[in-house]
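Peer 1: Letter by letter, the chains look like this.
Number of protein chains: 2
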Amino acid sequence: MKKSNGNARSRAPESVAGNGLLHRRALLGRGIAIAGALGTGAAATGAAAEAVKDEAWSLEFGGITPVLQTPSPFEKPVTRTLSNPNGEFRNSHARTPHHLLGGAITPNSHHFSINHAGIPNIDPAKHKLVVHGMVRQPLEFSLESLSRYPLVTRMAFVECAGNSAPMFSNEPVQLTAQGLHGLVSCSEWTGVRLSTLLDEAGIDPKGKWVVAEGADAHFLDRSIPVKKAYDDALVAIYQNGERLMPGNGYPMRLLVPGYQGNMNVKFLRRLKVVDQPAMTFFESKTYSQILPGGRTWRFHFLMEVKSFITSPSMGQTLKAPGYHAISGVAYSGTGRISKVMVSADGGKSWGEAALQGPVHEKAFTRFVMPWKWDGGPAVLQSRAWDEAGNAQPLRADFVAERGQTKEPITNPLAFPNQHYNSLTSWGIGANGEIKHVYA
Amino acid sequence: MKKSNGNARSRAPESVAGNGLLHRRALLGRGIAIAGALGTGAAATGAAAEAVKDEAWSLEFGGITPVLQTPSPFEKPVTRTLSNPNGEFRNSHARTPHHLLGGAITPNSHHFSINHAGIPNIDPAKHKLVVHGMVRQPLEFSLESLSRYPLVTRMAFVECAGNSAPMFSNEPVQLTAQGLHGLVSCSEWTGVRLSTLLDEAGIDPKGKWVVAEGADAHFLDRSIPVKKAYDDALVAIYQNGERLMPGNGYPMRLLVPGYQGNMNVKFLRRLKVVDQPAMTFFESKTYSQILPGGRTWRFHFLMEVKSFITSPSMGQTLKAPGYHAISGVAYSGTGRISKVMVSADGGKSWGEAALQGPVHEKAFTRFVMPWKWDGGPAVLQSRAWDEAGNAQPLRADFVAERGQTKEPITNPLAFPNQHYNSLTSWGIGANGEIKHVYA
Numbered sequence: 001m002k003k004s005n006g007n008a009r010s011r012a013p014e015s016v017a018g019n020g021l022l023h024r025r026a027l028l029g030r031g032i033a034i035a036g037a038l039g040t041g042a043a044a045t046g047a048a049a050e051a052v053k054d055e056a057w058s059l060e061f062g063g064i065t066p067v068l069q070t071p072s073p074f075e076k077p078v079t080r081t082l083s084n085p086n087g088e089f090r091n092s093h094a095r096t097p098h099h100l101l102g103g104a105i106t107p108n109s110h111h112f113s114i115n116h117a118g119i120p121n122i123d124p125a126k127h128k129l130v131v132h133g134m135v136r137q138p139l140e141f142s143l144e145s146l147s148r149y150p151l152v153t154r155m156a157f158v159e160c161a162g163n164s165a166p167m168f169s170n171e172p173v174q175l176t177a178q179g180l181h182g183l184v185s186c187s188e189w190t191g192v193r194l195s196t197l198l199d200e201a202g203i204d205p206k207g208k209w210v211v212a213e214g215a216d217a218h219f220l221d222r223s224i225p226v227k228k229a230y231d232d233a234l235v236a237i238y239q240n241g242e243r244l245m246p247g248n249g250y251p252m253r254l255l256v257p258g259y260q261g262n263m264n265v266k267f268l269r270r271l272k273v274v275d276q277p278a279m280t281f282f283e284s285k286t287y288s289q290i291l292p293g294g295r296t297w298r299f300h301f302l303m304e305v306k307s308f309i310t311s312p313s314m315g316q317t318l319k320a321p322g323y324h325a326i327s328g329v330a331y332s333g334t335g336r337i338s339k340v341m342v343s344a345d346g347g348k349s350w351g352e353a354a355l356q357g358p359v360h361e362k363a364f365t366r367f368v369m370p371w372k373w374d375g376g377p378a379v380l381q382s383r384a385w386d387e388a389g390n391a392q393p394l395r396a397d398f399v400a401e402r403g404q405t406k407e408p409i410t411n412p413l414a415f416p417n418q419h420y421n422s423l424t425s426w427g428i429g430a431n432g433e434i435k436h437v438y439a
Numbered sequence: 001m002k003k004s005n006g007n008a009r010s011r012a013p014e015s016v017a018g019n020g021l022l023h024r025r026a027l028l029g030r031g032i033a034i035a036g037a038l039g040t041g042a043a044a045t046g047a048a049a050e051a052v053k054d055e056a057w058s059l060e061f062g063g064i065t066p067v068l069q070t071p072s073p074f075e076k077p078v079t080r081t082l083s084n085p086n087g088e089f090r091n092s093h094a095r096t097p098h099h100l101l102g103g104a105i106t107p108n109s110h111h112f113s114i115n116h117a118g119i120p121n122i123d124p125a126k127h128k129l130v131v132h133g134m135v136r137q138p139l140e141f142s143l144e145s146l147s148r149y150p151l152v153t154r155m156a157f158v159e160c161a162g163n164s165a166p167m168f169s170n171e172p173v174q175l176t177a178q179g180l181h182g183l184v185s186c187s188e189w190t191g192v193r194l195s196t197l198l199d200e201a202g203i204d205p206k207g208k209w210v211v212a213e214g215a216d217a218h219f220l221d222r223s224i225p226v227k228k229a230y231d232d233a234l235v236a237i238y239q240n241g242e243r244l245m246p247g248n249g250y251p252m253r254l255l256v257p258g259y260q261g262n263m264n265v266k267f268l269r270r271l272k273v274v275d276q277p278a279m280t281f282f283e284s285k286t287y288s289q290i291l292p293g294g295r296t297w298r299f300h301f302l303m304e305v306k307s308f309i310t311s312p313s314m315g316q317t318l319k320a321p322g323y324h325a326i327s328g329v330a331y332s333g334t335g336r337i338s339k340v341m342v343s344a345d346g347g348k349s350w351g352e353a354a355l356q357g358p359v360h361e362k363a364f365t366r367f368v369m370p371w372k373w374d375g376g377p378a379v380l381q382s383r384a385w386d387e388a389g390n391a392q393p394l395r396a397d398f399v400a401e402r403g404q405t406k407e408p409i410t411n412p413l414a415f416p417n418q419h420y421n422s423l424t425s426w427g428i429g430a431n432g433e434i435k436h437v438y439a
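Keeping their order, the protein sequence lines are chains A and B.
Counting in this note's numbering, the first sequence tops out at residue 439, every number present.
Counting in this note's numbering, the second sequence tops out at residue 439, every number present.
Because the hints were derived from the structure by calculation, they are not lab data.
Hints should not be assumed to be uniformly reliable.
Stated by the list, open to error - Interface residues of chain A toward chain B, partial, derived using beta-carbon atoms under 10 Å:
#1 Ser113
#2 Leu151
#3 Gly427
For clarity, every value in this text was computed on a predicted model and none was experimentally measured.
Even for Gly, the Cβ is constructed at its ideal location relative to N, Cα and C.
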């Protein structure tokens with residue numbers, strides 16, 4: 001970082017791709033003018049004092065400390081968007097505001113949630129989980145008895161199979177990162193390994209599937225391969241340190257890291273070991289994958305490698321040319337993210353982004369890339385790779401395999417298909433406005 | 001785990017220390033009766049159906065999905081405890097309910113907070129951070145301009161120097177893990193490296209300290225060594241994925257991982273580079289360390305290796321003999337936790353606990369240990385080591401060096417001294433009641 005090439009440009013950040021992308025480690029102490037300069041020399045002290053004025057909050061005793069902290073009133077717009085705000089008799093979606101968050105964890109208050117029959121108000125003292133079917137000894141568990149097992153903790157994203165569905169439109173729907181991708185979130189989950197419960201019940205070697213059923217009025221049920229149950233599935237009872245929230249399955253939910261969101265059955269009340277998949281409504285109809293030509297895949301459990309830029313992104317406006325950070329999230333149901341490439345010229349050239357913090361498997365990894373915007377048009381894209389070598393597909397390849405609508409989607413709640421994991425492109429105009437484009 | 005030693009006890013969990021401690025990997029599929037057994041054979045299906053009754057929430061459409069999720073109403077007691085609930089003209093403490101949480105992250109709602117002059121309601125559009133003093137070019141930053149830097153993300157605990165102060169009492173004060181240790185919490189923090197801002201301002205090589213000042217009415221200020229500023233300090237603007245909450249420094253705070261809580265200056269508005277520590281009120285008086293004999297250490301920045309058991313712990317009652325998980329948190333300002341040992345007999349014998357999940361440096365690591373309680377008296381303790389080889393001190397050694405009160409502390413808000421990092425002991429009676437004891 002401190003090498004000098006002996007000319008006047010030695011302190012300029014190193015360019016790595018077209019349209020202003022800079023080396024991921026190239027940055028600071030290099031005269032990058034993001035901060036505002038104050039006076040120099042003797043004038044500096046005065047200018048510094050002048051810059052920081054005593055506002056009311058520096059002069060008066062502040063507010064009362066509450067038992068539970070809540071966000072600043074200045075953060076009011078940072079909320080989930082709702083598909084069913086009046087609780088009508090249909091399903092409800094609440095989308096995570098990715099364009100307004102930072103880091104890798106989604107706060108519980110902002111974690112996405114989809115409920116098909118409203119949010120049940122479950123009394124944990126009355127809730128039971130039963131393990132039965134092809135087992136030696138059927139068992140029942142309460143929240144209290146699960147809490148007496150040695151628990152394990154892991155980071156994991158959960159993503160609805162229908163997340164990003166508007167991107168099956170043949171023309172780009174003008175939605176923010178929240179509107180397009182708000183049905184994925186990432187948390188620290190703590191719970192009991194599913195294998196522990198199955199071992200205790202004594203699973204029959206002929207049992208190959210576990211049918212998980214929820215306690216809400218929709219009785220959502222899905223068949224989970226026993227192999228996955230023994231790999232990394234949990235019955236989760238804490239999320240980001242506290243008990244699950246009602247919209248995310250309180251008091252207990254199944255967690256099958258990297259698999260379709262709805263397979264992480266909420267309000268979990270039954271686990272039945274069987275010898276073949278139950279072909280429930282939710283796996284044979286609702287969450288089936290339709291391919292061009294009308295055939296469907298029988299199952300499509302895995303949420304594949306994906307990324308999207310959260311900043312700058314639609315809904316934001318670049319105020320002035322100069323230095324910005326391009327930042328977003330990447331994740332893969334297969335394992336760890338190994339690489340994220342970023343383009344500022346619609347895919348003509350690419351530079352490698354920095355991956356922030358510890359990279360956990362099957363969890364959000366935040367990436368960041370410094371960028372000098374020249375004030376002209378730009379198209380920002382990200383593309384992720386996972387440790388198994390899977391690459392996020394380019395849009396042309398993805399559409400060729402998976403199809404798109406013949407007419408533009410006008411209803412952003414339409415789910416023409418599922419498992420969109422191709423690129424997202426943000427088009428930046430000369431006025432700094434950002435649109436959703438295809439490139 | 002599947003080895004057989006050829007006798008009838010082959011499925012019994014392996015004991016590793018006295019009074020029922022089991023090997024950290026010894027557990028399940030071994031007939032451990034935590035779950036309730038249901039009928040077998042033909043009776044099982046009926047018993048399983050019987051166990052899971054359709055309660056109201058399984059029969060009726062549920063509640064409306066809110067824009068921001070909140071905990072279940074059944075989780076109401078999971079709150080911070082307050083030292084100043086009416087906002088009187090003095091400082092306010094809010095303590096994390098460790099005995100009711102799981103995992104490693106503290107939710108923002110439950111993160112501890114101490115404010116000396118109430119909680120300021122800061123408008124981020126008017127808040128400025130100035131870097132000045134011994135720099136080439138004084139600079140000012142807004143929340144918006146900080147957001148344009150490539151941010152970094154890390155896990156870190158923050159602990160008040162006065163956390164656990166009641167344990168300087170010569171007799172054990174009857175407080176829960178929240179009452180004793182509630183002034184430490186752990187979050188994912190996202191922000192700009194302090195070194196980036198100092199480099200951009202051009203720090204004078206003679207500048208050895210940075211005086212950080214907050215914008216609340218108390219103007220809390222602390223001197224931070226430049227070495228620490230360049231090591232791992234951040235100006236944090238996100239906590240657990242969202243903007244900081246007001247009690248934790250909104251809109252920006254200093255993060256000096258592993259150092260005393262108050263050095264992580266909240267509402268950060270000035271960073272002044274100087275050549276010697278400012279000896280502010282907060283570093284020369286409030287947060288000075290008094291040693292037996294009346295001398296003080298000039299500075300005591302580092303929060304040293306520590307652990308405590310959160311479950312079972314005071315405030316909980318063991319309902320019946322049998323299997324339980326002993327669980328708690330461990331952390332060190334020096335680096336990663338390398339080992340946690342647990343005792344069930346007041347320190348006579350020790351077994352090694354399992355460390356959960358990824359172990360991050362200067363962050364909470366949750367440990368867990370299976371235990372078979374025989375229904376008799378037990379004294380539970382944990383003791384942590386960090387990767388630098390530092391061991392959490394035994395109480396006798398700690399008291400010999402750091403002292404204790406002559407009379408029992410009766411006011412749990414008394415802070416007779418700081419930096420308590422010795423063991424915590426929970427005494428379990430034959431009735432399952434748990435008390436705070438010294439052992």
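Peer 1: The structure should be examined with respect to each hint, and the outcome stated for every one.
Peer 2: Going through the hints against the structure:
Given the 10 Å rule on beta carbons, the hint for Ser113/A holds: about 6 Å separates it from the nearest Cβ of chain B. The beta carbon of Leu151/A comes within 6 Å of a beta carbon in chain B, closer than 10 Å, and the hint placing it at the interface holds. The beta carbon of Gly427/A is not positioned within 10 Å of any beta carbon in chain B (closest approach about 20 Å), and the interface hint is therefore violated.
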